[in-house]
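Student: Residues per chain are reported as follows:
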Amino acid sequence: MRATLYASPVASGADLLNTLIQELRLDTVGGVRVDESGVARVEAYANGHRLAVVRSRGATVEITADATETGLTRQDQVGRGNRFADGSVPIGTGILVEGDGR
Amino acid sequence: MTYLNVAEVDAAVRNLAATYPDICEHLTLPKPSVEGRVCRALRLGPRADGTLPTLVLTGGVHAREWGSCEILINLAADLLRARTLGSGLRYGNRTFSTLDLRTIMRRINILIVPLVNPDGRHYSQMTDALWRRNRNPARPEGRPECVGVDINRNYEFLFDFGTAFSPKSSIRSHVSADPCDPLQQYQGPAPFSEPETDNVRWALDLHRRTRWFVDVHSYPELILHSWGDDDSQSHDPEMNFRNSAHHGMRGIPGDRVYREFIPAGDLDVSLRLAGVMRDALAGVRGKTYTTESAFTLYPTAGSGDDYAYPRRFTDPSKPRTHSFVIEWGKDFQPSWEEMELIVGDVTSALLAVSLEAARNAPWQLATQTRNPDQMDVFAIDSDGRAQSAWWHGEWHDWARMGPMVLPPQTPIASLARNSDYMDIFAVGTDGGCGATGGTGSGTTGSRSGPAVRSRRSPPSRCSPATTTRWTCSPRTGTVR
Chain A
467 MRATLYASPV
477 ASGADLLNTL
487 IQELRLDTVG
497 GVRVDESGVA
507 RVEAYANGHR
517 LAVVRSRGAT
527 VEITADATET
537 GLTRQDQVGR
547 GNRFADGSVP
557 IGTGILVEGD
567 GR
Chain B
7 MTYLNVAEVD
17 AAVRNLAATY
27 PDICEHLTLP
37 KPSVEGRVCR
47 ALRLGPRADG
57 TLPTLVLTGG
67 VHAREWGSCE
77 ILINLAADLL
87 RARTLGSGLR
97 YGNRTFSTLD
107 LRTIMRRINI
117 LIVPLVNPDG
127 RHYSQMTDAL
137 WRRNRNPARP
147 EGRPECVGVD
157 INRNYEFLFD
167 FGTAFSPKSS
177 IRSHVSADPC
187 DPLQQYQGPA
197 PFSEPETDNV
207 RWALDLHRRT
217 RWFVDVHSYP
227 ELILHSWGDD
237 DSQSHDPEMN
247 FRNSAHHGMR
257 GIPGDRVYRE
267 FIPAGDLDVS
277 LRLAGVMRDA
287 LAGVRGKTYT
297 TESAFTLYPT
307 AGSGDDYAYP
317 RRFTDPSKPR
327 THSFVIEWGK
337 DFQPSWEEME
347 LIVGDVTSAL
357 LAVSLEAARN
367 APWQLATQTR
377 NPDQMDVFAI
387 DSDGRAQSAW
397 WHGEWHDWAR
407 MGPMVLPPQT
417 PIASLARNSD
427 YMDIFAVGTD
437 GGCGATGGTG
447 SGTTGSRSGP
457 AVRSRRSPPS
467 RCSPATTTRW
477 TCSPRTGTVR
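Sequence lines, in order, name chains A and B.
Each position in the first sequence, counted from 1, maps to that position plus 466 in the numbering used here.
Each position in the second sequence, counted from 1, maps to that position plus 6 in the numbering used here.
Please note: incorrect hints may appear among the correct ones.
[To be verified] Here are a few chain B residues that sit away from chain A, every Cβ distance over 12 Å (derived from the structure):
#, residue
1, P38
2, G271
3, T294
4, E362
5, R376
6, W397
7, H398
[Claimed, not checked] A short, non-exhaustive set of chain A residues, derived as facing chain B with CB atoms under 8 Å:
#, residue
8, Q541
9, S554
10, I557
11, T559
12, I561
[As the list claims (entries may be wrong)] EDC-like cross-link-like pairs, simulated, lysine to aspartate or glutamate; straight-line CA separation at most 20 Å:
#, chain 1, residue 1, chain 2, residue 2
13, B, K293, B, E343
14, B, K174, A, D481
15, B, K336, A, E528
16, B, K336, A, D501
17, B, K336, B, D285
18, B, K336, B, E298
19, B, K174, A, E489
20, B, K336, A, E535
21, B, K336, A, D493
22, B, K174, B, D237
23, B, K293, B, E346
24, B, K336, A, D532
The hints are simulated quantities; they were obtained by calculation from the structure and are not laboratory data.
Beta carbons are placed, not taken as given, at the ideal position from N, Cα and C, and that holds for glycine.
Based on the sequences and whatever the hints tell you, model everything.
Tutor: So this is what it looks like as C-alpha cells:
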C-alpha cells in the first residue's frame, strides 16, 4: 500500500514518525516533513500489517493508493520488444524552433 | 510512446551515437552488471579529448524511478537533433535559442549515463515495480528478499555511518548494513563494491575537468544541493567529513554541534545553479520545485552527490564538481501521459544548467608575441589556476603556472617588455591587482620548477612596481 502517515502534536510528531520508520523499517519517500500547522507527515510504502502497527502506535494512516495495482498498471506501459532495433532514434519532446525562438 | 525497456535504452544510446557521430559518441562503461548487461554513456560535445569542462548526468540509479532514464535520453535526442538542424528548442513556455544550444555544444562536454542500474530497472519493469536496488545476489543467504544493494548508498562518503553519525540521527532510517533489511537501502559490504557505482566513479573521473554532476531521481519535486550528511557552514574548515574528531556528531538537523563545511564560494555557485534549474523547470508549465540541501530531505551516507562534490578535498588533482540531485514528480511511475510532461520539465532544467555551465566555461585569454617565432597564451582557468600555452614552431598544450589561485575565469592581461621578460596581471575579488611571474635561467623545455610566483598589491593599487619578473627562454618559450 502507498500511504501518507501523519503524527502530531507538534513537539513529538516528527520523532514518532522517525521512530516508526526506523523500528518498522518502512520504505519512505521524501523524509518526514512538518507542515505549517505543526503536523508531521511522511509518505510510505508498506503492507497492511505494518500500517496497522503504525496506527496502533498513535500515528494516522491515510492510504492513498494500492501500490501493487498501480505497479502492475505501469508495467503495462513499458515498451515490448525493441522499438529501436531498426537503427532509428528516439524523438524528444522538445519543439524545434528557429533562431532565438521568439 | 511508453516507458523504455532496458533493451530499448541500450539501442537508443547506440543509435543516437551512430546518427550524430560528429557531435556525439557512445562509451561502454568498464563494468557489466551482475546479470551481464553492458552499461553505456553518451558523450556530447565538440571533442573527445577530455579537456573541456564536463557536466556528468546520471539516471536510473534507483530501479523503480523509471522516468529518470527517459529524461536523459530525451535530453540527448533533443539536443543532438536541434543542434544538427541548427534549431532551438521549446518546452512549454521555455525556449532555448539556437545560440544557446550552440554555446552548450561548443563549450562543454555532457557525459550522460542514462541507465546506471539496468538489472534493477528490468526487475522493476517485469516483476516488482517498487524494486529500488541492483540485483546483486552475492549476499542473499538463500533469501530472495536479500538480493541487491542500494547503489546510492554504496559510494565512498561516510560509509561507516554507525561511527560517523550521531546515535540520535535518523540516518539509520535511510541506510542499512543489513542485506536483508526491508528498507531496500542496504549499503553493500564496502564502498564501490557494486559495478554500477564503480561505473559512475569512472564516468566522473573520465574527464579531468568534470565540473558539474546532476543525479536524476524521483521524487518529490525537489532540487537538492550539497550536503547530504548534515547542515552546512562556511566558517570552520576543520569541521568536515574527513575529521574523525567529529565522529558521532553528524546528522542532527538544526544543531550547532556539527555542520559540514562548504566554502562560501561553492555554496554560492550551488545555490545559483539550483535556482537556474528551478526557474527553467518552472518556465515550462509552472511547476514549482523546491531547492534545498540534500540533508533537508534526510541524512544520507554513501550517496553519489556527496561523493562527487568533495573529491578535490581529499585529492587536489580532482576538479571542483558542483553536485545536485533532481527529485522529479510525485510518483515513482506516473502514467506515461504525465511522465511526458515531467520529461519536458526536467529536460528544460538540465538544458538551463548546461547553458549556465557553458557560459561560465570559457577561459579569459591574454595573448602576446615576444618575437616573430614565439606566441604565448595565458588564462585563469575555471578552477582559478593560471595556465599557459605557447607556440614555437608548434603548439604546446596548456600547463599550469605555479601555485597561484585566483577567482575562476578571472580576466587577465599580458605584457611582453622584450623577448626575455613578460608579465601577466589580474584583479582579485578585493580589487587588488596581482602580478604573477617567476625568475630563473629558463633554458629548457620544462615548465616545472619553483620559480613561478605571484605578488599582490592592496586594493586600488596596480603599478609596475608590484610586478615580479619572469625570465624566459626566447628559443623555447619556456617559463621557469
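Student: Determine for every hint whether it applies to the structure shown.
Tutor: Hints, one by one, checked against the model:
no. : hint            : in the structure
1   : P38             : holds, 19 Å
2   : G271            : holds, 28 Å
3   : T294            : holds, 16 Å
4   : E362            : holds, 17 Å
5   : R376            : holds, 42 Å
6   : W397            : holds, 37 Å
7   : H398            : holds, 42 Å
8   : Q541            : holds, 6 Å
9   : S554            : holds, 6 Å
10  : I557            : holds, 6 Å
11  : T559            : holds, 5 Å
12  : I561            : holds, 4 Å
13  : K293/B - E343/B : holds, 16 Å
14  : K174/B - D481/A : holds, 10 Å
15  : K336/B - E528/A : holds, 16 Å
16  : K336/B - D501/A : holds, 17 Å
17  : K336/B - D285/B : holds, 19 Å
18  : K336/B - E298/B : holds, 17 Å
19  : K174/B - E489/A : holds, 14 Å
20  : K336/B - E535/A : holds, 17 Å
21  : K336/B - D493/A : holds, 15 Å
22  : K174/B - D237/B : holds, 15 Å
23  : K293/B - E346/B : holds, 14 Å
24  : K336/B - D532/A : holds, 15 Å
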